[in-house]
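For the record, in the sequence shown the residue sitting at position 9 is 8 according to numbering that gives the first Met the number 0, with numbers rising by one throughout.
Please note that the accuracy of each hint is not assured.
As the list claims (entries may be wrong) - Result set (BS3-like, lysine-lysine): computed pairs, CA atoms no more than 25 Å apart in a straight line:
| id | residue 1 | residue 2 |
| --- | --- | --- |
| 1 | K326 | K213 |
| 2 | K196 | K213 |
| 3 | K326 | K188 |
| 4 | K188 | K337 |
| 5 | K175 | K196 |
| 6 | K196 | K163 |
| 7 | K188 | K175 |
| 8 | K188 | K163 |
Said to hold, decoys possible - Pairwise CB distance ranges (calculated):
| id | residue 1 | residue 2 | range |
| --- | --- | --- | --- |
| 9 | D268 | H33 | 53 to 59 Å |
| 10 | D17 | E96 | 42 to 48 Å |
| 11 | D311 | T442 | 45 to 51 Å |
| 12 | A108 | T223 | 30 to 36 Å |
These are calculated hints, taken from the structure and not from any lab test.
Here the structure is a predicted model, which is why all the values come from computation and not from measurement.
Every residue, glycine too, gets a C-beta built ideally from N, C-alpha and C.
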Amino acid sequence: MTNDPMTPGIVPGRLPADTIAANFGDLHPPLDRHEAQVAADRCYFCHDAPCITACPTSIDIPLFIRQIATDTPEAAARTIFDQNILGGMCARVCPTETLCEEACVRMEAEGQPVEIGRLQRYATDTLMGRNVHPFDRAAPTGRRVAVVGAGPAGLACAHRLAMKGHDVTIYDARPKAGGLNEFGIAAYKSPDSFAQKEVVWLLGIGGITVETGKAIGQGLTLDTLQEEFDAVFLGLGLSGVNALEAEGADRAGVTDAVDFIAGLRQADDLATLPVGRNVVVIGGGMTAVDAAVQSRLLGAETVTIAYRRGADRMGASKFEQDLATSKGVRLLTGVVPKAVHGNGVAREIELEYTREEEGRLVGTGETLRLPADQVFRAIGQTLDGVPPGIEIEHGKIRVDEAGRTSRPGVWAGGDCATGGEDLTVTAVAEGRDAAESIHAALTAD
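With the sequences and hints as input, model every part of the structure.
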């Protein structure tokens, strides 16, 4: 992102470079060996562990924690990677506070769960740090599978297929593989280029080729892929952004939060990134929080998240909301944007208070204005570029439990498909399970 002369309030260098570097340090510093063993000793090692059920990838959490407790973190990592090959990134970005850790028996007994996420990171970082790949590839089957989209779902699908001996080609529109992990996660959650390091490590299984700058409609067609490959998996993600329905939404200074985050993630020097003095983020999900917090960390003086319903309805977890407020972000709930004011350039945003009537959101007619030289849209993403012959349901590709689409020979998973929540860990599970289904179909003869 570069400074636009049409938006003079959005400038780089609001904070010294060393302050910005400190602001974007690791959100959850890794545990050392002693800390990990102390944390592991808190686990009850439940036989019927609710944490496993709460994990979308069904990792055997008591087993890997016991392996850490017995000082075998490499074995713990293999237990994790057997279910979740992107366990390293998931340890950093999973909302564990609403998944495995919320279900932890310690949480119910003491109000403080076992630190499952940090223990998972300790194990996976240990094995990956030794440049060891935990799995061997099966004998080649001679079958070829195309994976469209190099995000978490596509990578998980490709790895599982390659492990079973199939040859896989991954296509992605962006110049790098990684998808959401590379372009859509807050920088303080995944510092030191971890997303790319994880991709390189994952490809160590062999049998996977990555071709960037290619997508359906951009040099590829589904018909051609099905002619050239034995099966196709679609991990397209969500590339469209919902429009901001407000007067003046086209003024300079109004942009998509996902573009801001992607630009930040790819920046060589965060001190050169421009940010507004007064930032308003429209939305209530993880993207809204990531954009708001990072705006503050870059030096924005005031940052407000404006969400149409109550805080309890926000897509961002309570932990993420608390993180935002701890960084000086204001959470303003029960408001919708009415207009962006300014002479061609955003200067203020006008918001209308809302209320619910029989479950329906309505405006009250009461408004307020906030200074805003930068407004980010974080109001949901949409599915673009769906190939013909693929049935859509509620704005996403309809799939069955195995990830099969309505088009024979084509599977799908991740954010583009119907299923669970739009989380990295859910996408991994869907990509992995689709790979098992594809493998069964290819070896049924």
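Need the list of violated hint numbers for this structure, in ascending order.
Violated: hints 1, 4, 8, 9, 10 and 12.
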